[in-house]
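Undergrad: Sequence:
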Amino acid sequence: MPTARPVPHPDVTVVVIVYNDAERLPRAVRSVLGQSLRNLEVIIVDDCSTDGTRVTARRLAASDRRVRCLRLPVNSGGCGAPRNAGIEAAAAPYVMFLDSDDELPYHACKSLLLTAEETGADLVTGEVTRNFEETGTTGLWYPELFGDVRVVEGIRAAPEYFLDHLSTNKLYRADFLARHRLRFPEGVHYEDQLFSAQAFTLARSFAVVPWPVYTWWLAADPDRLSISSSRHHIRNVADRLLAARLIDAFLEESGNADLRPAKDEKFLRHDLRLYLGDLPFRELWWITEFAAVVTPYLRTLAPRALAAMPREQRICQYLLGAGRFAEAAECARTLDRPHLAPRHVVRDGGRVHWGRTPPEDPEAAACLDVTDWRLDEQPFATGPLRHEVARVDPAGPLLRVLLHTYDPAGLLTGAEPVTAELRIATTADPLAVPFRYDPPRPGPDGTPGPRTAEIDLDPRRIPLGVTGFRGRRHPVVVLERMGLTRTDPLLAPATLPPLRTRLPQYGPLGAHTVRLGCEGHGAGRLELTWERTGALGHAETAAPRLRPARRRVQRLTRRVAGPRTKALTYHELQRLPVDDTLVVFEALEGRGYADSPRALYEELLRRDLPLRAVWSCAAGSSSYPEDVPLVRRGTWEYVRTLARARYWIDSHGFPTLYGKRPGTRYLQTWHGQALKHMGFDVPELRLAGPERQARHREAVGRWDALIAPSEEFERTFVRANGYTGRLLRTGLPRNDALVRRNDPEQRDRAAAARERLQIPAGRKVLLYAPTFRDGARGTGESVRVDLAELARRTGEEWTTVVRPHYYERFDVPRELGHAVRDGRQFPDLNDLLLTSDALLTDYSSVMFDYTNLGRPVLLWTDDYAHYRSTSRGLYYDLPEIAPGPMLTSVDGLAAALGDLGAVREEWAGAYGRFQARFNPYETGRSSEAVVDLFFEELVRPGGAGDERRAAGPPADAPAGPSAGLLAGPAAGGRG
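Under full-length UniProt numbering, the first residue of the sequence shown is numbered 1, with each subsequent residue one higher.
Just so you know, these hints were derived from the structure itself, not from any lab.
Quick caveat: nothing in here was measured; it's all calculated off a predicted structure.
Glycine included, every Cβ here is placed at the ideal spot set by N, Cα and C.
Fair warning: there could be bad hints in the mix.
[Claimed, not checked] What follows is a set of in silico ranges between Cβ atoms, one per label pair, in the way DEER data are often shown: (1) E416 - A390: 25 to 31 Å; (2) G520 - Q915: 55 to 61 Å; (3) A619 - G762: 23 to 29 Å.
Make the full structure from the sequences, and use the hints.
TA: Structure, rendered in structure tokens:
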């Protein structure tokens, strides 16, 4: 019986089920009582707990009249019976469910209720935030399902929502539940799955909201694992299969058998996929029993659903059914890693199959066929490799690792050498251990064996100040070839015995304890943990009273090295005289040697002016020429260099933390013309507070000169940023290479890029360069073209090089590696522009640069109306200025690529008008013009440059050569 009287006319009833969870129940209930929607009730249903839950529930009810308690007379053994009891007792027209170990976000009830009332939907579903207690990380539940607010007119309109099988992230109309007598099954686990499938199938319409409405806590304590986290029990597998069969029966009996393929696809994509991912870490007996339970059900699934799975999963499913359990576990490691190679493939009769031996029958041949991966056409940067630890042995003070690298695509063969290193993260700089592969040797049966290498890890190389690897650290293998770098995980055998060994360091006072093992999920990466032991380690452990002081020192160190302190130091450094010879270059916020700063640097180098250049480098130095002095962006040396430099030259913006001193001259080259709204025309900045607007004005106010490529640039970018300083109407130096594309230097540059990209002979290159989407950075949303369909339609004639914005993420799918390349390893976009035959973009300013080549521009504008109206907005009506066709389908794109001659002819007039309007100053000599104007005192005859050549460097300049742009860095080389 309820312990309190119902709240009169609540809007929402939240049913909180609990069993032996007195500790976490208050948190769950408080998350409901604290909702922005106040008029609600909480029904706590206690499934006959044996701990203090009953007392805790009564206290909660006594503290707030909106809380009622129910207690079942006997434990039901599941979630169905307590939820059903809550439904029967609910007094509100809407019902939600909450587990005692989870929470509701603050606006969950109100936002779902308002959506239900506005749409009239039978149920509303929203996003789930999953909190992983073990790692402290969070994730979203199938975020692709919750991209926007929408109303779905029945599950047939969007059958992918079968994946959303939780009952707890939804608000239901009570009359909908009553009309269909919809209740949870009792006495079974995974009752959510049947209930949700029934609800979606029976709903006339359901609404979707894109914000989190449920917080799901996944416990780290193995004694508190939920049912869904207990996949290591074979009984758990049987429970999931029972739920799946109950859904099948419901669909059949209710006349909805046509939905079975969609439900089967959900089972394969979610339920089965969870267990397959665990296979590498299960013992053989477990895999044997798992296969015996699962395989009969797999044979009943719709062929359409089976065919919709990724090739790796289909192979894994076949190997399970064929009793090839070790190979199934090996294959399962690839499910989360699209570039992880199989150990072996066999080429037979023009086909390529997974495994060491040819398939024995037609079924095996069909299931194991990987010919469409086109392994022999894969590029080095993204083709499949597999690095595995074969053995780890202590060797005196060293740790010796035997590495096996499987290379079925032949990526490591050829004349071009491969540079290899094992890289391990530390609390300081990574530990990089170079190694060489032994010559490949065939396996016992004559098939190619893995490449092998022995790698010695030496902890004595790590400075004493480094305290070790904190938490889990996963060594990686880094390979470089043709100027391209790839980083791959290092896998550990699941049978690797946990290694704990003590390696000496620095004589009797220092040592390290190293632990190695296999990560228990995903691909099974090698885990390495390393801690200081010996006398130094014991001294740290034995002095707990020092820890608070040490933490205070660490906090003080962070404060001393923080931005505020650096800004103050920068201000004090301005008391030093300006170094009249020092130029600081920065492009792409330190991301590489690129853009107009590169063109100006090379022009200064050609003229051999009496200047010393330092380039700002934010990350790796591989994109910079070997003789270019570097300074790490954000370091103390960077601060010192900016404070002393006579000239600043960049393409984006030096950190706003550092004001420009009067003696410094700042040339802003900017990185393109303005199609999208900029500066104060962007709503985010226009509507921002006065402090942020003032910071933007201060940043722009530092510029002494700004390069203007056109009058349109002045009308848009210059005006929008409130810039009133000197304009250099010269065109962009970076575009010189494009205008002079037929010069031998630029032809060689294009040929080198084509070789690095491994473009097959006779293939044309389409450069696909979309811009990012505001509010969706890092989501992959901007790569909107169906690359698989494009490769199918054009892949024999064209190779597509994808170069997303550096704010975006992108991976080349395994099956598209033969026709798609990743262009992100080219910091300077000109390399790709020069090597391409056509450009595909959307709203990126790259279109302005590309027309300097005179080559076709194609525009992918499937979201043009949305982008223009809801994003930052555009300065132009794109159809009025477009230099090429605006495309929204792969059919149209393929047709354009198939007859570029017709595209050129049809768009010649628009293309010419575009060039005249936006590139009037591009002559191929912009770099020369900018140097003449900005460094006027150095280049004019008899100017200061001649005097400095005679006088030599200033008194405080570093020792070394006294003239020339590469005379030496002010900040100490590649710091």
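Undergrad: Can you tell me whether the CB distance of A619 to G762 sits inside 23 to 29 Å?
TA: violated, 36 Å
Undergrad: Is 25 to 31 Å respected by the C-beta to C-beta distance linking E416 and A390?
TA: holds, 26 Å
Undergrad: Honestly, do G520 and Q915 meet the 55 to 61 Å range at C-beta?
TA: holds, 59 Å
The structure fails hint 3 only (numbered hints given earlier).
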